[in-house]
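Whole structure, please, built from the sequences with the hints as guidance.
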Amino acid sequence: MDASLAARIAADPNYQKLKATRSRFGWILTFAMLVVYYGFILLIAFDKAVLAARIGSGVMTWGIPIGFGVIVFTILITAIYVRRANSEFDDLSEKIKQQVLK
Amino acid sequence: MSTHAFIGKAARLAGLTLCALALAPAAAFAAEAIGASEKQATNWTAIAMFAIFVVGTLFITKWAAAKTKSAADFYTAGGGITGFQNGLAIAGDYMSAASFLGISAAVMISGFDGLIYSIGFLVGWPILTFLMAERLRNLGKFTFADVAAFRFAQTPVRVFAASGTLVVVAFYLIAQMVGAGQLIKLLFGLDYWIAVVIVGALMMVYVLFGGMTATTWVQIIKACLLLGGATFMALMVLWRYGFSPENMFAAAVAVKTQIATAKGAAPAAAEAAGQSIMGPGTFIKDPISAISFGMALMFGTAGLPHILMRFFTVPSAKEARKSVMWATGWIGYFYLLTFIIGFGAITFVLTNPGFLDAKGALVGGNNMAAVHLAQAVGGNIFLGFISAVAFATILAVVAGLTLSGASAVSHDLYSTVLKKGKADSAAELKVSRITTICLGILAVLLGIAFEKQNIAFMVSLAFAVAASANFPVLFMSVLWKDCTTRGAVIGGFLGLASSVILTILSPSVWEATLGNPVGSAPFPYTSPALFSMTFGFVGIWLFSILDNSPRAKIDRAGFPAQQVRSETGIGASEASGH
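Quick mapping for you: the protein sequence lines, in order, are chains A and B.
Residues 1 to 102, numbered by my numbering, are exactly what the first sequence covers, in order.
Residues 1 to 578, numbered by my numbering, are exactly what the second sequence covers, in order.
Hints listed in this document are in silico derivations from the structure and should not be mistaken for laboratory results.
Treat the hints loosely; a few may be bogus.
To be verified - No farther apart than 27 Å at their CA atoms in a straight line, the calculated lysine-lysine pairs in the BS3-like style are these:
| # | chain 1 | residue 1 | chain 2 | residue 2 |
| --- | --- | --- | --- | --- |
| 1 | A | 19 | B | 141 |
| 2 | B | 69 | B | 430 |
| 3 | A | 19 | B | 318 |
| 4 | A | 19 | B | 553 |
| 5 | B | 452 | B | 359 |
| 6 | A | 97 | B | 430 |
| 7 | A | 97 | B | 481 |
| 8 | B | 553 | B | 481 |
| 9 | A | 95 | B | 141 |
| 10 | B | 69 | B | 420 |
Said to hold, decoys possible - Reference listing, derived: stretches of chain A covered by chain B, where coverage requires no fewer than 3 residues with Cβ under 8 Å from a Cβ of chain B:
| # | stretch |
| --- | --- |
| 11 | 14-23 |
| 12 | 39-47 |
| 13 | 56-66 |
| 14 | 81-91 |
For glycine and all other residues, C-beta sits at the position ideal for the given N, C-alpha and C.
Right, dumping it as C-alpha cells:
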C-alpha cells in the first residue's frame with residue numbers, strides 16, 4: 001500500500017470510528033475475560049473452601065457450576081465479539097474500502 | 001464376602017488410593033505428557049480401525065497432493081478453507097491425545113482440579129480473538145513471522161521468529177512422539193520404537209505430499225471422530241444416572257469415600273476424602289504459581305506457531321473470526337465432556353476389578369481411564385474405536401507441528417533471510433519438503449531417545465516460550481507504534497532465554513528430570529511465564545524507546561500504514577498468495 005492511500009484511509013472518519021470502536025470493544029472484553037479467569041484462579045488460591053461449599057443437601061458444590069460457568073462464559077464472550085465484528089465492524093470496513101478505492 | 005476376598009479388595013483399593021495420592025500433584029502437567037506404560041496384548045480391533053483411518057487419510061492425501069503445486073498451497077491450502085472447517089482443524093490441533101487421556105485421568109484422580117486445568121487451556125482463545133485473529137489475517141501470508149516482521153528489518157526478526165517457532169515445535173513434538181510411543185504400546189500392543197516410527201513415517205507422508213490441505217483434512221476428520229466418541233461416552237455415563245449430574249457426582253463421591261474407608265480412614269475422614277473431588281485440591285498451590293501458570297496457558301495459546309499458521313488458510317478476516325469462534329466452542333465442549341468422562345471413570349472403572357491390576361492400580365496406568373471407560377460403556381468395538389482415534393489424534397497433531405516447523409525454515413529462513421525474498425515458489429517448496437523429512441527423522445530419533453525420560457515439563461515449556469517470546473513480539477509489533485526492530489528482537493530473545501532457563505531451574509526439570517533432591521530447585525514455581533513474559537515485554541519496551549538508530553525511524557514510520565492494513569484488510573494478501 002502506498003503512503004498516500006494509507007494517509008487517505010487514516011483520515012477517513014469511518015476508519016477512525018472503526019478503529020476506536022473495535023479497539024475499545026476488544027479491550028473491554030479482554031478485561032472481562034481476565035477478571036473472570038484470574039478471579040476464579042485467585043479465589044482458589046486464597047480460599048479453597050468457597051468453591052468446595054455445598055449448594056444444597058446433596059454433594060453438589062458451588063465449584064462445579066462456577067467452573068462450568070467459566071467455560072460457557074469463555075465461549076459466549078467469543079461469540080459476542082465475533083457477531084459484532086462480522087456485522088457492524090465489517091460493514092464499516094466495507095464502507096471505507098468503497099470510499100477510498102472508488 | 002469371604003475374609004480373604006475382602007482383604008484382597010481392601011488392599012487393592014488402598015494401593016489405588018496411594019497411587020492416586022502420589023500422582024495428584026504431578027497431574028498438573030503430566031496430564032499433557034503420557035508417562036511410562038506397560039506393553040499390552042496386541043489389540044486387533046483397534047489396529048483394524050486405525051488401518052481404516054490411515055487408508056482413508058492416504059486417499060485424502062492423494063487428492064490433496066494433486067492440489068499442492070505452489071508454496072502457497074503447501075503452507076495455507078491455497079486459502080480455500082472455510083471458517084467452520086478451519087475451526088474444527090484448530091480444535092483438532094489443540095485437542096491432543098494427551099489432553100483427552102490426561103485430563104480425564106486428572107479428573108478421575110482428583111475431580112475438580114482436572115476442571116481447573118482444562119479451563120486454563122480454554123481462556124486464551126478469547127484473547128486471541130479480540131486482539132490478534134483478524135489483524136494476523138490482515139497482515140500475514142504464511143507464517144506468524146510475516147506479521148511480526150511486517151514493518152521491521154526482515155533478517156533479525158525472521159531469525160528470532162524462526163527460533164521461537166522451532167523451540168516451541170521441538171518441545172511439543174518430542175512430548176507428542178514420546179506420548180505416541182507409550183500410548184500405542186499400551187493400546188495396540190506394539191513395541192515403542194515401532195509406534196514412533198509409524199507415527200513419524202505417516203506424518204511425513206501427509207505433510208510431504210498433501211501439505212496444509214491434507215494436514216487440515218486429517219485434522220478435521222480426527223476432530224469429528226474424537227468429538228463424536230467423547231460425546232457418546234459422556235452420554236452413556238449420564239444415561240446411567242438418569243441424566244442427573246447430582247446422581248453421577250453422588251455416585252463418584254460414594255466410590256471415593258469407599259476407597260478411603262477401605263484404606264482405613266475413619267468415617268468422617270473418609271467422607272471428607274470422598275467429597276474432596278467436588279472442590280479444589282492441591283493443584284493450585286501458591287498464588288504466584290497459579291497466576292504464572294494461568295499466564296502461560298492463556299497467552300501461550302496466542303503464540304503457538306502451528307495454531308497461528310491456521311489463520312492464513314482462510315480467505316478473509318471474517319472467516320478467521322468465525323474459525324476461532326468455532327474452535328473455542330468445540331474445545332470448550334470437549335473439556336466439558338472430558339470432565340464427565342473423568343467422573344464416569346470413577347464410577348465405572350475404579351469399581352470394576354477387571355480394570356485393576358493385582359496392586360489395585362489401573363491396568364496400564366491412570367492415563368488409561370478414558371480407554372477403560374470406553375470398554376465399560378461400549379464394549380470391545382468401541383474400545384478399538386477410541387484407541388484408533390487416540391492414535392489418529394497424535395498423528396494429526398504431529399503433522400500440524402511439523403508443517404509449522406518446516407514453514408519457519410523454508411519461508412522465514414530460506415526464502416526471506418537467505419534469498420532476501422527472491423526465492424521462487426518451486427525452490428521454496430523443495431526446501432519445505434526437505435525440512436519436513438529432516439524434522440520427521442529428528443522427531444523419531446528424539447522420540448526414541450527420550451523414551452525413559454521424564455518429559456512432563458515439555459508441553460509446559462512450549463507454552464511458556466510461546467507466551468514469553470512469540471506472543472510479546474507479535475503483540476507489540478502489531479499494536480505498539482514505537483516498537484522497533486532492535487526492541488522486538490532483543491525483547492523476544494530475552495523472553496525465549498528466560499523461559500527456557502527458568503524452566504530448567506524449576507522443580508519439574510531440576511528435580512524430576514535432572515534428579516536433584518526435592519526442594520533444591522532454584523526457581524520454586526510451576527511455570528516461569530509471570531517472570532519470563534515480563535522480561536519479554538519490558539525488554540521490547542526498553543530497547544525500543546532507547547533505540548535511536550536510522551532503522552528505528554523507518555520502523556516507527558511504518559506503523560500507520562501497517563495499522564490501516566491490520567484494521568481494514570485493505571491490501572491484505574489474498575490467502576492464496578498469488
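Going through the hints against the structure:
no.	hint	in the structure
1	A:19 / B:141	holds (22 Å)
2	B:69 / B:430	holds (11 Å)
3	A:19 / B:318	holds (16 Å)
4	A:19 / B:553	holds (24 Å)
5	B:452 / B:359	holds (23 Å)
6	A:97 / B:430	violated (38 Å)
7	A:97 / B:481	holds (23 Å)
8	B:553 / B:481	holds (11 Å)
9	A:95 / B:141	holds (24 Å)
10	B:69 / B:420	holds (22 Å)
11	14-23	holds (count 4)
12	39-47	holds (count 6)
13	56-66	holds (count 6)
14	81-91	holds (count 5)
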